[in-house]
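Asker: So the chains spell out like this:
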Amino acid sequence: MSGNSRKRLDLNLLSSMKLGLLLLLLLGIMASLGSFFPQGQPPGFYRVYYGELPGRLIVFLSLDHVYRSWWFLTLAALFALNTLTCSLKRIKKTPDLRSRGSVILHLSILVILAGAVISGVMARHTYVEIGTGKSLDLTAMGFPGYSLRVKEFKVEYYENLQPKQYISSVSLKTADGQEIEREIQVNRPLKYKGLKIYQASYGWLARGEAVINGKEVPFELASGRELDTDPDKNERLAFFFIPDFDEQGDTLHSRSPLPNNPRLVAVLFQDKQVMAREVLAEGETRGVGGYPVTFSGYLYYTGLEIKKDPGVGILYAGFVILLLGLVMRYLAPEKH
Amino acid sequence: MEANFNLLAYIFLLAAVILSLISLWRPGRLISYMVQASLILSFAYLTLALVLRSIAAGRLPFANLYEFTLLFAWGILLFYLISRRVIKSDLLAALVAILVVIILSYSNTLSSGPGPLMPALQSVWLQFHVITAIIAYGAFGLSFCLAIIYIIKEKGYDSPDVNNLPSLAKLDNLLHWSVAIGFPFMTLVLITGAVWAEEVWGRWWGWDPKETWALITWLIYAAYLHARKTYGWRGKRSAIMAIVGFLAVLFTLFGVSLLLPGAHSYV
Ligand code: HEM
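Chains A and B, in that order, give the protein sequences. The first sequence begins at 1 in the numbering used here and counts up one residue at a time. The second sequence begins at 1001 in the numbering used here and counts up one residue at a time.
In case anyone wonders, no lab produced these hints; they're calculated from the structure. Among the clues, some could well be false.
So the derived label-pair ranges between C-beta atoms look like this [claimed, not checked]:
{"id": "1", "chain 1": "B", "residue 1": "Ile-1055", "chain 2": "A", "residue 2": "Tyr-49", "range": "46 to 52 angstroms"}
{"id": "2", "chain 1": "B", "residue 1": "Lys-1236", "chain 2": "A", "residue 2": "Gly-224", "range": "57 to 63 angstroms"}
{"id": "3", "chain 1": "A", "residue 1": "Gly-51", "chain 2": "B", "residue 2": "Val-1162", "range": "47 to 53 angstroms"}
{"id": "4", "chain 1": "B", "residue 1": "Leu-1081", "chain 2": "A", "residue 2": "Lys-93", "range": "35 to 41 angstroms"}
{"id": "5", "chain 1": "A", "residue 1": "Gln-273", "chain 2": "B", "residue 2": "Gly-1058", "range": "47 to 53 angstroms"}
{"id": "6", "chain 1": "A", "residue 1": "Glu-226", "chain 2": "B", "residue 2": "Ala-1056", "range": "44 to 50 angstroms"}
For every residue, glycine included, the Cβ atom is placed at its ideal position computed from N, Cα and C.
Okay, chain B solo, but in the shape it has when bound (with noise of 0.2 angstroms):
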C-alpha cells in the first residue's frame, strides 16, 4: 500500500510538472487549476504513504535517508500550499514541482526498506532535530523556487505567467519571509543537534562534514538576513544568496553523504 501512495504521489507530481509548463505555454484557468489539483493530490499521497510507512514500521519515518528525503519533498510542498494564501502563479508552481520530482526521483535510488531504529537513533532528540530540519529545509525550498522567480521577473520576459506575478518588492518580501521563518528552525537543527550529539558521541561538536555544512548553511542565510536588515540588499542580491543558501541545503542533505564520509553516516 505504502508503495501505491508513493508512485500516487509521484505520477501526480509528474502530471504537476507536465501541466504547469504546458500552461506556462498555453495559459488558462482550467489547466492552472488541474496543475494546482496534481499537487494537493500529490502531497495528500505523500502524508498517506509516510503515515502508512510510520503505522508499518512502529515508529515515525525518521530512521534513514531515504525518509528523510521523503520528508524533505513533503516538507517543501507543504510551505509551497501554505504560500498559494498570498501568491498564485504556475510558474511557481512548475518550479516546485521540478524541485520536489528530482528529491523523489533521487530517493527511489536509496534503499527503502523500514528497518528498526539503529541504537544510536534511540533518542528524543531525534524528534525535535528531524522535525525542525523539515520546516527550516521546506521553508529554505519555497524561498529558493521564489528567488528563482524573482530572478526571472526582473529580467523583464513579456509572458502572461510572469505579467501575473506579484510586483519584484512583494516577491522579495515574500523570500524574506520564508527564510526568516527557516533560520531560527535551521538554529533549532544546529541546537538539538549538538545536545544529541552529547548524550551519543561525548562531543556536541566534531567539525564532521555534516555538521559544518549545517553550520556554512546557517551562516549563509545570517549573512542574508543581516545584508537585507542593515543596508537593505534587496532584489537581485539578496535572491542569489537565497540561491546560494539553498544550494548548500542540497549539499549537506545529498553531496555530503555521497562525497565526505563523516560520522554523521546515516543522512
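Here chain A stands alone, though its shape is the one from the complex (with noise of 0.2 angstroms):
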C-alpha cells in the first residue's frame, strides 16, 4: 500500500459515520459514568465512601473526573475531527438549501465545542462576599482595576414569605475609570465589557465586641461563624443572628426571615459541648463564661459570583449559527 492510499483510508475512517455513530454512543455512556460518581472530591473520599480497592480503581480510570480525563476529552476531540471531515466532505456537494442547512448545523457543532474549549481554558470565576456599605477592590481576584462598592441589600418577598427576589445595589469601578450603579438581581446580572457579576447568595453580618483575656476583639461574624477565646482547651465562641426572636421557642428559631425583632445568640463551646449561653438584644452588654460580648448592630453581606468568560461569545455564535441550519434544514422548501 502507497503512504498516499493509506493517507486516504484513514481519512476516510476519520469521517466516517461509523466511527461517528461509535463517539456518540462512547461519548453518551462516559458522561453517565460521571453523572453517578460524585467528581472532584479529593482521592481519600472515595476509599472511604466506595472502600480501598473500588475507590483505587475509580480515581485510577479517572472517574473522579470524568470531564477533564484525557480520555473524554480524546474521545470529544475525536468527535470533532470526525464533524468536521464529514461536513466538509459533503460540502461539495449540497444541491439545495436543506442539505446546505445540514452542513450548516453539524459545523456549528464546531463552534459551540471552540467556545467550550475557550470557556474552560479561559474562563475566571470568583465568589466574594461583601458587607453592605463596604467595597472590594477585585484586583486581587484576577479583575485589574476593578473595584466594587456594596451600597444596599435587601430581599423582596411574597405575601407568604417566601423570596420574591435578592437585590443587591452597586456601585463597580471599572478598569477605565467609569463608575457604575447598578441593582443585581437574580437572572439579572450586571454586564459590563465581558465583565459579569452575579446575585449567588446573602446571608446575615453579627457586629459587636467580645473581651477575651483582657484584650478587646471587634468583631463582624456571618452568623454560625466563631471567635477562638481559649485554642489549648478548644474553646470558642460562636455568634448566632436571631432576625426574629422568637421569646417562648427554641432558642435559635426564627419566627421570619425580617428583623423584627433582633438577637444574637453567643455560645461558648468547648470541643462539643455548651458551656455557656446568652441571648443578647441590640445595644446589650453581657458575659457568657466569663467572656464579656457586646452587640451592636448587624447587617446584610450579599454573595457575588464575579466571572469573566471569552468563549461565550464564540458559544452564543454557535448557537445562532445552529439555529439558522435548523431552520434552513427544516423549514425550506423540499426540491424533488
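Mind assembling these two chains? They're in different frames, but the hints should get you there.
Answerer: Have a look at this one:
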C-alpha cells in the first residue's frame, strides 16, 4: 500500500459515520458514568466511601473527574474531527437549501465546541461576600482595575414570605475609570465589557465586641462563625444572628426572615460541649461564661459571583448558526 | 375546581386504559369509539386544569416538577391525538393511556401547591425552555409507544388489532417522523437551558446530572437519526434505539431528580 492511499484510507475512517456513531455512543456512556460518581472530591473520599480497592480504581480510571479526563477529552476531540471531516466532504455536494442547512448545522457544533474549549481554558470565576456599605478591590482576584462597593442589599418577599427577589445595589469602578451604579438581581447580572457579576447568595453579619483575656476584640461575623478564646482547650465563642427572635420558642428559631426582633445568640463551646449561652438584644452587653460580649448591630452581606468568560460569545455565535442551520434544514422548501 | 378537573382527567384516562384493553380482547366499532372519546375528554380536562391553575397562580404552570409532570402527560396526549390523523389503533391508545396514567399517578406523589415563582425561575428563558421541552418530550413519548407497537407487530402476533396496524414500513416511518420532530426541539431545550444557566448561575454548562442526562438523551436520538439516514438502520434496531432514548428521557426527568442531587433540583 502506498503512503498516499493509506492516508486516504485513514481520512475515510476519520470522516465515517461508523466512527461518528461509535463516538456518540461512547460519549454518552462516559458522560453517564460521571453523573453516578461524585466528581472532583479528594482521592481519600472515594476510598472511604466505596472501600479501599474500588476507591483506588475510581481514581485510577479518572472516574473522579470524568469530564476533564484524558480519555473523555480525546473522545470529544475525535468527535470534533469526525464532524469536521465529514462536513467538509459534504460541502461539495449540496444541491439545495436543505442539505446546505444540514452542513451548517454540523459545522455549528464545532463552533460550540470551540466556545466550550475557550470557556474551559480562559474563563475566570470568583465568589465574594461583601457586607453592605463595604468596598472590595477586585484586582487581586484577577480583575485588575475594578473595585466594587455594595450600597445596599435587600430581599423582596411574596405575601407568604417566600423570597421573591434578592437585590444588591452596587457601584462598580471599572478599569477605564468609569463608575457604574446598578442593581444586581437573580437572573439579571451586571454586565460590563465581558465582566459579569451575579447575585449568588446572601446572609447576615453580626457586629459587636468581645473581651477575651482582657483584650477588646471587635468582630463582624456571618451567623454561625466563631472566635477562638482558648485554643489549648479548644474553647470558642460562636455567634448566631436571629432576625426575628421567638421569646417563647427554641433559642435559635426565627419566626420570620425579617429583622423584627433581632437578637444575637452567643454560645461558648468547649469542643462540642456548650459551656454557656446568652441571648443579647441590640446594644446590650452580657458575660458569656466569663467573656463580656456586646451586640452592637447587624447588617446584610451579599454573595456575588464575578466572572469573565470569553468563550460565551463564541458559544452564542454557535447557537445562532445552529438555529440558522435548523431553520434551513427543516423549513426550506423541499426540492424533488 | 382545578383538582376536580385533574381528577376527571385521571378517571377518563383510567377508563381509556380499561376500555382499550377490553377492545384488544373483544374488538368492535363502539368500544374503539369509547376509547377515543375517553382520551379526548381526558386531554380536555387536563387542559382545563392547567388553564385554571395558571389563572389561580397568575403565571404559566412552569414552576415545579409537579406542574412539569402534568405538562409532560399533556404533551404526550397531544402528540397521540395528532397521530390519529395517520394511525388509528387501539393498541397504540392502550400504550399511550398506560404511559400517561403512570406519569399522572407519579405526579400525585409530588407536592402540588401553586406557589409563586422563586427568584431563579423569574426569567423569560423559563418559558422557552419549558415549552420546547414539552414538545420534545411529547414527541419522544409518542415515538416510544410506536416503537413498542413496531416490535409487537414484527413478532407476528395474530390478533385483529395487530393485523389492522399499518405496515411495518409505515410504522417505521411514523416512528421516524416523531423522533425527527422531537429532536430539533430537544436541541432547543439544551440551548435555552445553557443560555438560562449562563444568566442565572453564571455558568452555561456545569455537568450537573440533569444537564448531563439531557445531553445523553440528545446523543441517543442523534445516533438514531444518523444510523437511519446513513446506514438505513430501520425496523427493530431503530425501534430499540427509540425505546432507549425515551428511557433516558424518563431518567432525566424522574431518576435524576430522585437519585442524583444537583443544582437543577426543582425539575
Ligand atoms: C431534558 C432536559 C431538560 C428539561 C426537561 C428541563 C426542564 C426544565 C424545566 C421544566 C425547568 C423549569 C423550572 C422548574 O420547574 O424547575 C427548568 C429549569 C432550568 N433549566 Fe432545565 N431542563 C432540561 C435541561 C437543561 C439543560 C441542559 C440546562 C443547562 C444547560 C438547563 C438549565 C436550566 C436552568 C438554568 C433552569 C432554571 C433554574 C432552576 O431550575 O433552578 N436545563 N428546566
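Asker: Quick check on a hinted range of 44 to 50 angstroms for Glu-226 (chain A) and Ala-1056 (chain B), using CB atoms only.
Answerer: The hinted range 44 to 50 angstroms holds for Glu-226 (chain A) and Ala-1056 (chain B), with Cβ atoms some 47 angstroms apart.
Asker: 47 to 53 angstroms was suggested as the range; check whether the CB atoms of Gln-273 (chain A) and Gly-1058 (chain B) agree with it.
Answerer: Check passed, 51 angstroms falls within 47 to 53 angstroms.
Asker: Take the C-beta atom of Leu-1081 (chain B) and the C-beta atom of Lys-93 (chain A), compute their distance, and say whether it sits inside 35 to 41 angstroms.
Answerer: 40 angstroms, holds
Asker: Between Lys-1236 (chain B) and Gly-224 (chain A), does the C-beta distance stay in 57 to 63 angstroms?
Answerer: With Cβ atoms ~59 angstroms apart, the hint holds.
Asker: Regarding Gly-51 (chain A) and Val-1162 (chain B), is the given constraint of 47 to 53 angstroms on their beta-carbon distance met?
Answerer: Roughly 50 angstroms apart at Cβ, these two residues keep to the hinted range, so it holds.
Asker: With respect to the beta-carbon atoms only, verify the hint that Ile-1055 (chain B) and Tyr-49 (chain A) lie 46 to 52 angstroms apart.
Answerer: For Ile-1055 (chain B) and Tyr-49 (chain A) the Cβ distance comes to about 48 angstroms; the hint holds.
Comparing the model with each earlier hint shows no violations; every hint is respected.
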